[in-house]
Amino acid sequence: MFRYILKRIIILIPTLLATSLLIFWAMDLAGGDPVDQILPENATFEQKAALREEMGLNDPFFIRYFRYIGGILKGDMGESYITHRDVFQTFMGRLHMTLLLGGSALIFACIISIPLGIYTALHQNTWKDTAAMIVALFGVSMPNFWLGLMLILLFSLKLGWLPSGGTGGFKYLILPAVTVGLGLAALLTRTTRSAMLDVLRQDYMTTAKAKGASRNRVIYNHGLRNAIIPIITAIGMQFSYVMTGSALAETVFGWPGIGRLVVDSINKRDTPMVTGSIILCCVLMAVINLAVDIIYAFCDPRIKAQYSGKG
Amino acid sequence: MKLFNKKKSDGTEMIGRSMGQETWRRLKKNKGAMMGIAFLILLFIGTALASIFYDYDKDIIGMTRDRFMAPSWQHLFGTDNMGRDIFARVIYGAKYSLFISFGSTLIGLIVGLFLGAAAGYYGGLVDNIIMRLTDIFYSIPYIMIAVVVVSILGTSMSSLLFAMALGTFCNFARIGRASVMTVRDMEFVEAGRAIGLPTWKIILKHILPNCLSAIIVQTTLKVGSNIISASSLSFLGVGITPPTPEWGAMLSDGRSYIRSSGWMCLFPGLAIMLTVLALNLLGDGLRDAMDPKLKR
Chain A
1 MFRYILKRII
11 ILIPTLLATS
21 LLIFWAMDLA
31 GGDPVDQILP
41 ENATFEQKAA
51 LREEMGLNDP
61 FFIRYFRYIG
71 GILKGDMGES
81 YITHRDVFQT
91 FMGRLHMTLL
101 LGGSALIFAC
111 IISIPLGIYT
121 ALHQNTWKDT
131 AAMIVALFGV
141 SMPNFWLGLM
151 LILLFSLKLG
161 WLPSGGTGGF
171 KYLILPAVTV
181 GLGLAALLTR
191 TTRSAMLDVL
201 RQDYMTTAKA
211 KGASRNRVIY
221 NHGLRNAIIP
231 IITAIGMQFS
241 YVMTGSALAE
251 TVFGWPGIGR
261 LVVDSINKRD
271 TPMVTGSIIL
281 CCVLMAVINL
291 AVDIIYAFCD
301 PRIKAQYSGK
311 G
Chain B
1 MKLFNKKKSD
11 GTEMIGRSMG
21 QETWRRLKKN
31 KGAMMGIAFL
41 ILLFIGTALA
51 SIFYDYDKDI
61 IGMTRDRFMA
71 PSWQHLFGTD
81 NMGRDIFARV
91 IYGAKYSLFI
101 SFGSTLIGLI
111 VGLFLGAAAG
121 YYGGLVDNII
131 MRLTDIFYSI
141 PYIMIAVVVV
151 SILGTSMSSL
161 LFAMALGTFC
171 NFARIGRASV
181 MTVRDMEFVE
191 AGRAIGLPTW
201 KIILKHILPN
211 CLSAIIVQTT
221 LKVGSNIISA
231 SSLSFLGVGI
241 TPPTPEWGAM
251 LSDGRSYIRS
261 SGWMCLFPGL
271 AIMLTVLALN
281 LLGDGLRDAM
291 DPKLKR
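Quick mapping for you: the protein sequence lines, in order, are chains A and B.
If you're matching positions, the first sequence starts at 1 in this note's numbering and goes up one per residue.
If you're matching positions, the second sequence starts at 1 in this note's numbering and goes up one per residue.
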């Protein structure tokens, strides 16, 4: 298991290098002279030229890129052109807000979707199943930022129950988390249902019933344990969706997370902030994917055996 | 494959229906899919008629004195902050959303299938390079890719198309690769090679038709999700910008007036949701109709 994790981390390095090169190159193409953003508007031509030379902006592309990578290896991701704050610290200072939002959305989605998915699979083709599936289909068809706007319209403006934005206690978390989580819940309900339906058709389910296991034991120990792998895969694949959803929900609710940070920095052409944030996002996604793979091993002894066998 | 061929000759009736006919026969029984198709046809007709009946400069981006009017018989969806009829803008704007989502899906489909098929067919180094590339695009949330691309190329229809195609092609690359790999070593491919067919012809004519159903289903669903993506980008201010009546841009406009004129946010969003719902219903229906496991 340990060797497997190590191998995954080593594979990650070229991917991250390629990603950083792509982003660095893209931001280089995006143009815009950073010197104009740093110096006041009335700076003379000489001042600008001097700063450009000092920052090494006149060097060839690859020299600048390798200097950047060298900086990262020393733990220095540069500082923002605009706020002059350290990129890594700014990112980390906002990361917990996005993790809080994404995490609560995911928990909300799982609490709704897994029981509902199992229930609908067990009652396949009844009106309850159909009704739940229609609702779920509406859920996956809805743009989540619009859902956010509608929730604000209903719960903050009409009913006045919840705040329409900002941060604070638990009250401030509910609407953004539901906004990100509802579409996810709809998607996971569909996944859970079809995974359960696949499992229910298997012969070992009949065997379990025939040997006299209780209904709950058949459903949860024999059924759900086998259906859980596709469900976890679906959750793992949705992290990118959660990040995107958070970026939008952060805009709607004024939530100070990293999605908002990246979008704002791009609009302001804050190159170091953008490059650094996107690279850190990739690291984050990679860590999450790795975590998902490790969770697989805990859920499925067959996969665990594979890892420890080949290393 | 004749999808709408009603006049079946006796011969084909004896042998059985073609894949298209069989799919259509089963799809017709699916109420949801039929509702989806009906909605999409209505939307296409509506947006075509709107382009004829409404004058872009006057009705769609012009200004009138009827600002912030609540929905009524005169203005079904109400009017916005410039006094423009929201119903007209929603119907007229459908063509932007549809064009961007269909266009970007099509580009992503062609590029993705080409790369995926090449990766699956050649294997080895080609496979490794192409699939690592798609991994990169998979690991960055698409919205960040799109925002970066749009900020490089500037906000325009073509840069939005390009940005969204970048987020789309990896799905199709994976489908293409997987399906090529399952049939690559089968006899009919070997036969094709033996009679001296060029590689591109083998891939295009003998391998890809085998994964047609997966491609059609994925395309339908992807068009739907790309409508959401396009409107999300416009909402963030990096897609289509006002005054163009794109649905996401209208929502972004309406957000500032949500306290007083909620309908400005309600209707463009409903339009997005119903269109995507129609595409999802159709996609699900197609999947059920094409799934050989369910064949009776």
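Check the hints yourself; a few may be wrong.
Unchecked claim - The following label-pair restraints were derived from C-beta to C-beta distances: (1) Thr-182/B to Lys-128/A: 56 to 62 Å; (2) Pro-230/A to Ser-18/B: 52 to 58 Å; (3) Pro-230/A to Leu-212/B: 36 to 42 Å; (4) Ile-63/A to Asp-55/B: 54 to 60 Å; (5) Ile-63/A to Ala-178/B: 52 to 58 Å; (6) Gly-75/A to Asp-135/B: 54 to 60 Å; (7) Gly-93/A to Met-34/B: 26 to 32 Å; (8) Ile-229/A to Glu-190/B: 31 to 37 Å; (9) Gly-166/A to Asn-81/B: 21 to 27 Å; (10) Arg-65/B to Thr-44/A: 48 to 54 Å; (11) Ala-178/B to Asn-267/A: 53 to 59 Å; (12) Leu-153/B to Gly-166/A: 33 to 39 Å; (13) Gln-47/A to Thr-155/B: 52 to 58 Å.
Simulated from the structure, these hints should not be mistaken for lab results.
Everything numeric in this text was worked out from a predicted model, so none of it was measured.
Don't be surprised by glycine CBs; every beta carbon is placed ideally from N, CA and C.
Do the hints match the structure? See the list:
| no. | hint | result |
| --- | --- | --- |
| 1 | Thr-182/B to Lys-128/A: 56 to 62 Å | 37 Å, violated |
| 2 | Pro-230/A to Ser-18/B: 52 to 58 Å | 33 Å, violated |
| 3 | Pro-230/A to Leu-212/B: 36 to 42 Å | 24 Å, violated |
| 4 | Ile-63/A to Asp-55/B: 54 to 60 Å | 56 Å, holds |
| 5 | Ile-63/A to Ala-178/B: 52 to 58 Å | 41 Å, violated |
| 6 | Gly-75/A to Asp-135/B: 54 to 60 Å | 26 Å, violated |
| 7 | Gly-93/A to Met-34/B: 26 to 32 Å | 52 Å, violated |
| 8 | Ile-229/A to Glu-190/B: 31 to 37 Å | 35 Å, holds |
| 9 | Gly-166/A to Asn-81/B: 21 to 27 Å | 24 Å, holds |
| 10 | Arg-65/B to Thr-44/A: 48 to 54 Å | 51 Å, holds |
| 11 | Ala-178/B to Asn-267/A: 53 to 59 Å | 38 Å, violated |
| 12 | Leu-153/B to Gly-166/A: 33 to 39 Å | 34 Å, holds |
| 13 | Gln-47/A to Thr-155/B: 52 to 58 Å | 32 Å, violated |
Hints 1, 2, 3, 5, 6, 7, 11, 13 from the earlier list are contradicted by this structure; the remaining hints agree with it.
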